[in-house]
Amino acid sequence: MPRLRISLTINGEPRETDVWGGESLLYALRERLDLPGSKNACEQGECGSCSVLLDGVLVCSCLVLAAQADSHEVTTVEGLGAADDLHRVQEAFVAAGAVQCGFCTPGLVVATADLLERVPAPSDDEIREALSGNLCRCTGYQKIFDAVRLAAGIDA
Amino acid sequence: MEVLTPRSLDDALRLKAELPAARFVQGGTDVLVELNFDRSRPAALINLNEVAELRGFLRENGALVLGSGLTYAELMQPELATALPALAEASRTVGSPQIRNRGTIGGNLGTASPAGDALPPLLVESAQVEIASVRGRRALPLAEFLVGPKRNALEPDELVVSIRISPSGSRQTFMKVGPRNAMVIAVCSLALSVDRERGELRAAFGSAGPVTGLVTAPLDEAERFPAAVAAAASPIDDVRGTAAYRRHALRVLTGRALERCLA
Amino acid sequence: MSATRPKIKARPPTRPRLGKIGESVPRSDGTPKVMGEFAYASDLHAADMLWGHTLRSPHAHARIAEIDISQAVGMPGVHAVLTHADVPGRKTYGLEFTDQPVLAIDRVRYFGEPVAVVAAEHPEQARRAAEAIRVVYELLEPVADPERATEMEPLHPDRPTMGHGYRDDPRSNVVRHMVIRHGDPETAGDVTVDGVYEVGSQDQAFLGPESGLAIPDGEGGVDIYVATQWLHVDRDQVAPCLGLTVEQVRVHLAGVGGAFGGREDLSMQIHGALLALHTNRPVKFVYNREESFTGHVHRHPAKIWCEHRATRDGRITCVRMRILLDGGAYASSSTTVTSNAASFALGPYRVDNALIESTSVYTNNPPCGAMRGFGAVQTCFAAEAQMDRLAAELGIDPVELRLLNALAPGDYLPTGQLIDGALPTAEVIRRAAALEPPAPEGFPRDPIRLPGGAGNTTRGAGVHRGVGFAVGFKNICYSEGFDDSCAARVQLYADGSATVHCAATEVGQGVTDVILQVARTELGTDRITLAPHTTATVGSAGSASASRLTWMVSGAVRDACRAALEEQERREGGEVDVERVHHHRPTTPLDPETGQITGERAHVALAVAAMRAVVEVDIDLGLTRVVWVGTAQDVGKAINPQAVHGQIEGGTAQGLGLALMEEIQTRDGRIVNASFTDYLIPTALDMPPVTVVLVEDPEPDAPYGAKGVGEPPAIVSVAAIAAAVRDATGRALTRVPIRADDICL
Ligand SMILES: Cc1cc2nc3c(=O)[nH]c(=O)nc-3n(C[C@H](O)[C@H](O)[C@H](O)COP(=O)(O)OP(=O)(O)OC[C@H]3O[C@@H](n4cnc5c(N)ncnc54)[C@H](O)[C@@H]3O)c2cc1C
Ligand code: FES
Ligand code: FES
Chain S
1 MPRLRISLTI NGEPRETDVW GGESLLYALR ERLDLPGSKN ACEQGECGSC
51 SVLLDGVLVC SCLVLAAQAD SHEVTTVEGL GAADDLHRVQ EAFVAAGAVQ
101 CGFCTPGLVV ATADLLERVP APSDDEIREA LSGNLCRCTG YQKIFDAVRL
151 AAGIDA
Chain E
1 MEVLTPRSLD DALRLKAELP AARFVQGGTD VLVELNFDRS RPAALINLNE
51 VAELRGFLRE NGALVLGSGL TYAELMQPEL ATALPALAEA SRTVGSPQIR
101 NRGTIGGNLG TASPAGDALP PLLVESAQVE IASVRGRRAL PLAEFLVGPK
151 RNALEPDELV VSIRISPSGS RQTFMKVGPR NAMVIAVCSL ALSVDRERGE
201 LRAAFGSAGP VTGLVTAPLD EAERFPAAVA AAASPIDDVR GTAAYRRHAL
251 RVLTGRALER CLA
Chain H
1 MSATRPKIKA RPPTRPRLGK IGESVPRSDG TPKVMGEFAY ASDLHAADML
51 WGHTLRSPHA HARIAEIDIS QAVGMPGVHA VLTHADVPGR KTYGLEFTDQ
101 PVLAIDRVRY FGEPVAVVAA EHPEQARRAA EAIRVVYELL EPVADPERAT
151 EMEPLHPDRP TMGHGYRDDP RSNVVRHMVI RHGDPETAGD VTVDGVYEVG
201 SQDQAFLGPE SGLAIPDGEG GVDIYVATQW LHVDRDQVAP CLGLTVEQVR
251 VHLAGVGGAF GGREDLSMQI HGALLALHTN RPVKFVYNRE ESFTGHVHRH
301 PAKIWCEHRA TRDGRITCVR MRILLDGGAY ASSSTTVTSN AASFALGPYR
351 VDNALIESTS VYTNNPPCGA MRGFGAVQTC FAAEAQMDRL AAELGIDPVE
401 LRLLNALAPG DYLPTGQLID GALPTAEVIR RAAALEPPAP EGFPRDPIRL
451 PGGAGNTTRG AGVHRGVGFA VGFKNICYSE GFDDSCAARV QLYADGSATV
501 HCAATEVGQG VTDVILQVAR TELGTDRITL APHTTATVGS AGSASASRLT
551 WMVSGAVRDA CRAALEEQER REGGEVDVER VHHHRPTTPL DPETGQITGE
601 RAHVALAVAA MRAVVEVDID LGLTRVVWVG TAQDVGKAIN PQAVHGQIEG
651 GTAQGLGLAL MEEIQTRDGR IVNASFTDYL IPTALDMPPV TVVLVEDPEP
701 DAPYGAKGVG EPPAIVSVAA IAAAVRDATG RALTRVPIRA DDICL
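Residue numbers (the working numbering), protein chains in the order written: chain S, 1 to 156; chain E, 1 to 263; chain H, 1 to 745.
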């Protein structure tokens, strides 16, 4: 059934795969490229669980056609850190207790990393607005805000 | 389903002329939802991301020409926000950062939803929609472009290239009502401008009629304007709100917007 | 075919970390989760895997005249198209009554009811095949109004709910009807307040959609990897429908993306197994968000009629309440919801005389069942509104009124049960009332800190501040004679390290860490490995529900650890392997006629929370922003304080959602907002800071004194936030979620 071939750079590595035209980048990452870290919670852009960086810009990968990512660069949660070398945002999420079921976490980690890249010391309002596209059903967000401040080195 | 990726405007127009049943995809924030939920299976998709002519904006004899591929995030940047403040305010209310990074004004026009948040600010600024096809180019006032709920005036082979505005420089604002404090489709929305130069009040409302509606009045009729805007709307009851509430909210919003812009 | 194991990517064995009981321990699954390497049910993959898809009813009530699959079976990539005729064993299942068809037989009773299932190579092929199945429906009038359900044609003419020891109610469509008669319900008071309250249907809206992978074992059996709340009861429901023994069906926990009650009932388990056995290939299901709204049960919508009588000096003399719960098309856990609604209807107050009538009915609305705080959420909202009305009527401060009537050990529940455990009602009230809310903030402010938020609707015009207070309580563990138990197995090795087996489902609440903390504490070592959660190696743990799991798991793991140490000592070293089953103290059913206890107790223990909420409401537009929440909660003993705070904050967010925005809307039984675009849950801009005080009053009967903590915040927050909005607006607001129209029209 797949009819199209795409080549792209994911987490710094050149990758290729066949896709069906109607498939999202999220589907291709999860089901074809062995990168299930980005999550499929709504596939309608409302939850941010599928957040990735496309050419350095934060997007919902469920709303990007796989074919649109052809020849572009994608960074997923898998590209942020390694088990023995976690990204500071990942470390902060664990330490602050910002993870419960964790389904929202990959998207939030990517969104937070993107925020801190642009705004190294965000205000509480900036944190809330920047994360308003990432739904979490478990935590009530408090510990997520703590994690962002922890990663940014801001005293709460 | 095929995905075609033209590299130039001419290529895009040629492809659309050959495959009028194909669907353009720019930011994909409307189209992908339809695809993911099996609501649409177009013959082919034409990916506009690589068409450089649709990106960015330029100034031409005092007018601003906004590429249809301009994103909400770009509309919020200082240069455009200064020239078109209500459009920037509207952009901040759109979806989430992820949606604003990807969603475009061209897509908002393409979808032509009565809830489209770019539409009211563009309407009060008398925007012209610049359209192209292999047959040539034409321009339409936005009010004529929006022909019905989720229907626009494009022919099957046409594409929106840009939106042309001569910024009025007037005091203006945008407000949107939704049941939560972020990420909502408008229950109703309002853009309002107090154009002292032309002596005119202009308001455009969203989600309160089949299309985004424009209401104007002379400057000295400010007092009656909230009621006039509410009366011009033809809202319905739906899952997001009731007709009665929408009419009421438009009256409140218009009053508050006037206060903001007359202050 | 030999079993293909799902490729569970880099889920490292749960590594021990320092941390004993009472310490805040970072989650043992935290690192894989932040790296995106934790394998959720929807991430599973097996070689040769097919995709399952469910054809669902577009109607809320219809007779099925014909199902024609002939078109679908021959389509590209399609391997199986199955209907009820292909269910080899029992055709129905259910948590308590087997009233729900695996696949609709001759009738559909709710919008979204599964009618057929398909397996194909690609999800798109499966969708196209499902679309090609022709189903001829003859529409029937839906029973959409629960208030009229008992007068309409029975939706389950065989009355599956009769003869189970409940009060048998002859009226049609009654799932359970119970009456609690306590003292003399005719007792008068100096003042009387009454009210009618309504609660909309809430969705659990867990982020990880229903998913799972079924793998045939090549010998007629099947392994099911699924996100669920109770592995063993899933297995016990699945096996008879497949015509298999329970040994032939093994259910394994796959990563769970939240649950909140919504995974107590089956979703894809039987469908996946049917297709896998039929095709002899692994079959994966992943529901999309729209399907998820029809793929699980919801919180019961309720209507509650109340009358509270009190003396002039504020003592409640008598309460009369009538509760109607819309159970939807199938029973699920409606019976327990009915009973909880009644048992906790009065709130944590001393009331000597009461008449409580609680009824759940079948309708053609979406099936309702378990959701965090069930039954108690609905009645707490009504009872606390009544307390505020009473306070206003009497001119007594609402906090004082609550303190005056606060329930305490030594008092009786309306079911006649003596409260003999810990219940620090007065203390949580005092502690919550003492929390200082932040001072009102001036203008101008950024719109995101105003009602209407990012919508930029006000700069201060119309904004009124309001403060609300509420108290809520509920039982911990199962009730009414249900023999609730939890098994744990400990393999203690010669070198002192250990492997712990427990089928408790980690749904995000952190039970994994409770298991590890208890084992570390009891065994005095950090070298503990947690085995996969499965039905294959250990007995049932019971479900992740009723705020019971921390208690039950702590008991089971503690008992097994201690037994293992003793056994090792007896044998003077070497490796031992012991399993222990923990039971809490027994309960007995309530009398079906009087609702009174038939033994010493119907509930094991209780937990209480009090909350103060501050809101700002734009009264002209009816928009609300919650500014701050302060709460004090009775937790017995906090095993992992950080996780306890997380539960309280998360539960508060869900209550905020129900108070202000969350409702499944239906028209003639059809859900009209099955998406995250129209079913709104709180975002980062909707949640206020939460100040949490933990009140540790150890439960004498609970292992380590610990009570469950998940439900009280979800119960009390709805009432507290609604009270604050009433305070800001001066409106009665008798329905949640509160709509803008209710405030400003
Ligand atoms: C979670 C979420 C939240 C949202 N919130 C809002 C909101 O708050 N306010 C709001 O207004 N919208 C909202 N939207 C809708 C959407 O983001 C906007 O309509 C956006 O402007 C669409 O732009 P796009 O580039 O993504 O369009 P696409 O999805 O790429 O295209 C949309 C339509 O326009 C057509 N089209 C695109 N470009 C052109 C062109 N150049 N010429 C002709 N036709 C074209 C396409 O064929 C398609 O029919 C939201 C969407 C999501 C998923
Ligand atoms: S899965 Fe992409 S936003 Fe929810
Ligand atoms: S931790 Fe479960 S959704 Fe955020």
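Don't read these hints as lab results, they were simulated from the structure. Mixed in with the good hints, there may be bad ones.
[As the list claims (entries may be wrong)] Short derived list, chain E residues pointing at chain S, Cβ under 8 angstroms:
{"hint": "1", "residue": "Gln98"}
{"hint": "2", "residue": "Pro167"}
{"hint": "3", "residue": "Ile236"}
[Claimed, not checked] So the derived label-pair ranges between C-beta atoms look like this:
{"hint": "4", "chain 1": "H", "residue 1": "Gly243", "chain 2": "E", "residue 2": "Pro20", "range": "33 to 41 angstroms"}
{"hint": "5", "chain 1": "S", "residue 1": "Gly12", "chain 2": "H", "residue 2": "Ala439", "range": "21 to 29 angstroms"}
{"hint": "6", "chain 1": "S", "residue 1": "Asp155", "chain 2": "E", "residue 2": "Ala227", "range": "45 to 53 angstroms"}
{"hint": "7", "chain 1": "E", "residue 1": "Ala227", "chain 2": "H", "residue 2": "Asp668", "range": "43 to 51 angstroms"}
{"hint": "8", "chain 1": "S", "residue 1": "Thr9", "chain 2": "H", "residue 2": "Val73", "range": "36 to 44 angstroms"}
{"hint": "9", "chain 1": "E", "residue 1": "Gly199", "chain 2": "H", "residue 2": "Asp397", "range": "53 to 61 angstroms"}
{"hint": "10", "chain 1": "E", "residue 1": "Arg137", "chain 2": "H", "residue 2": "Val73", "range": "17 to 25 angstroms"}
{"hint": "11", "chain 1": "H", "residue 1": "Pro88", "chain 2": "S", "residue 2": "Val119", "range": "56 to 64 angstroms"}
{"hint": "12", "chain 1": "E", "residue 1": "Glu221", "chain 2": "H", "residue 2": "Asp397", "range": "22 to 30 angstroms"}
{"hint": "13", "chain 1": "S", "residue 1": "Pro120", "chain 2": "H", "residue 2": "Pro76", "range": "30 to 38 angstroms"}
{"hint": "14", "chain 1": "H", "residue 1": "Glu393", "chain 2": "E", "residue 2": "Asp237", "range": "31 to 39 angstroms"}
{"hint": "15", "chain 1": "E", "residue 1": "Ala243", "chain 2": "H", "residue 2": "Glu23", "range": "41 to 49 angstroms"}
{"hint": "16", "chain 1": "E", "residue 1": "Glu2", "chain 2": "H", "residue 2": "Pro88", "range": "41 to 49 angstroms"}
Every residue, glycine too, gets a C-beta built ideally from N, C-alpha and C.
Hints, one by one, checked against the model:
| no. | hint | in the structure |
| --- | --- | --- |
| 1 | Gln98 | 5 angstroms, holds |
| 2 | Pro167 | 26 angstroms, violated |
| 3 | Ile236 | 23 angstroms, violated |
| 4 | Gly243(H) to Pro20(E): 33 to 41 angstroms | 54 angstroms, violated |
| 5 | Gly12(S) to Ala439(H): 21 to 29 angstroms | 50 angstroms, violated |
| 6 | Asp155(S) to Ala227(E): 45 to 53 angstroms | 51 angstroms, holds |
| 7 | Ala227(E) to Asp668(H): 43 to 51 angstroms | 36 angstroms, violated |
| 8 | Thr9(S) to Val73(H): 36 to 44 angstroms | 42 angstroms, holds |
| 9 | Gly199(E) to Asp397(H): 53 to 61 angstroms | 57 angstroms, holds |
| 10 | Arg137(E) to Val73(H): 17 to 25 angstroms | 52 angstroms, violated |
| 11 | Pro88(H) to Val119(S): 56 to 64 angstroms | 59 angstroms, holds |
| 12 | Glu221(E) to Asp397(H): 22 to 30 angstroms | 50 angstroms, violated |
| 13 | Pro120(S) to Pro76(H): 30 to 38 angstroms | 53 angstroms, violated |
| 14 | Glu393(H) to Asp237(E): 31 to 39 angstroms | 36 angstroms, holds |
| 15 | Ala243(E) to Glu23(H): 41 to 49 angstroms | 57 angstroms, violated |
| 16 | Glu2(E) to Pro88(H): 41 to 49 angstroms | 42 angstroms, holds |
When each numbered hint is compared with the structure, violations occur for hints 2, 3, 4, 5, 7, 10, 12, 13, 15.
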